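Engineer: Sequence:
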Amino acid sequence: METRLSSRGREVVISGDRPFVIIGERINPTGRKVLAAEMKEGVMDRVRSDAQAQAAAGAHMLDVNAGIPAVDEPALLVAAIRAVMDVTDLPICIDSSIIEALEAGLSAYEGKALVNSVTAEEERMERILPLVKKHGAAVIGMANDETGISMVPAERLALARRIIERAADHGIPQEDVIIDPIAMTVAADPTCGVITLETMRLIRDELGNNMTCGASNVSFGLPDRATVNAAFLPLAM
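Those letters in the sequence shown? Residues 14 to 250, by this note's numbering.
The hints are simulated quantities; they were obtained by calculation from the structure and are not laboratory data. Wrong hints could be hidden among the right ones.
Label-pair restraints from in silico Cβ distances [as the list claims (entries may be wrong)]: (1) Q187 - G227: 18 to 26 Å; (2) P203 - G161: 15 to 23 Å; (3) D30 - D85: 41 to 49 Å; (4) G221 - G184: 16 to 24 Å; (5) K46 - E219: 38 to 46 Å; (6) S120 - A83: 22 to 30 Å; (7) G221 - L248: 16 to 24 Å.
Keep in mind the model is a prediction, meaning the values are calculated, not measured. All C-beta atoms in this analysis are idealised placements derived from N, C-alpha and C, irrespective of residue type, glycine included.
Produce the entire structure from the sequences given, and follow the hints as far as they go.
Structural biologist: Shown next, in the form of structure tokens:
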């Protein structure tokens, strides 16, 4: 199964039989006070430099997030997306929990974007999936719903299947739904890593969809995070 994403001048193909795709996630004001302050003032120099640095470091796609409290997020997200498009041709992952921001970002983007993200909550699916279809995008489906994140792999699989089915109802092909099996820190529960890996196995074997995850989540709150990440990532791949 192949998921194809594109910018004005480049296509990225995500597939189990192709090389691993890296999504750079640096363009996010959460926890970055200087970046947040600059973006709030409409200054996009750091957004551009972060985009260029991630491209130079080997990223294949760039996640763009403009989630800052008390701002016009739709307008800010559009400005950030345009700033990224000015300096790189890497395809973009449009990252927001605000429906209006997603719609604005999708309208401004020139290419086939990846939407980050939709959960298995019915209300969220019914609002986000029509936008994905309208703009010919792909979407990340998070394997959780209004009850939270299950610690049972089979339950996460069921939620992933629900998202895929709802997407199909809206005319979105299965290959345009990338599932996030949800990586959680092993600092809170040592079994979290194994649960994520088992969820990935089930998704691969029973659904066949491509997957993505925040791999570094597994080491949050731990010392020597790089070592933990380096152990987890090859297992996930």
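Engineer: Does the beta carbon distance between Q187 and G227 stay inside 18 to 26 Å, or does it fall outside?
Structural biologist: holds, 23 Å
Engineer: Is it true that the C-beta distance of G221 to L248 lies inside 16 to 24 Å, as the hint says?
Structural biologist: Holds: the Cβ-Cβ distance is about 19 Å, inside 16 to 24 Å.
Engineer: If I claimed the Cβ atoms of S120 and A83 lie 22 to 30 Å apart, would that claim hold in this structure?
Structural biologist: holds, 23 Å
Engineer: With 15 to 23 Å as the target window, see if P203 and G161 comply at their CB atoms.
Structural biologist: holds, 19 Å
Engineer: Between D30 and D85, is the Cβ distance one that fits in 41 to 49 Å?
Structural biologist: holds, 43 Å
Engineer: Hint says 16 to 24 Å; check whether the CB-CB distance for G221 and G184 agrees.
Structural biologist: holds, 19 Å
Engineer: Taking the beta carbons of K46 and E219, is their distance inside 38 to 46 Å?
Structural biologist: Since the Cβ atoms of K46 and E219 sit about 43 Å apart, the hinted range of 38 to 46 Å holds.
Consistency with the previously given hints is maintained throughout, with no hint failing.
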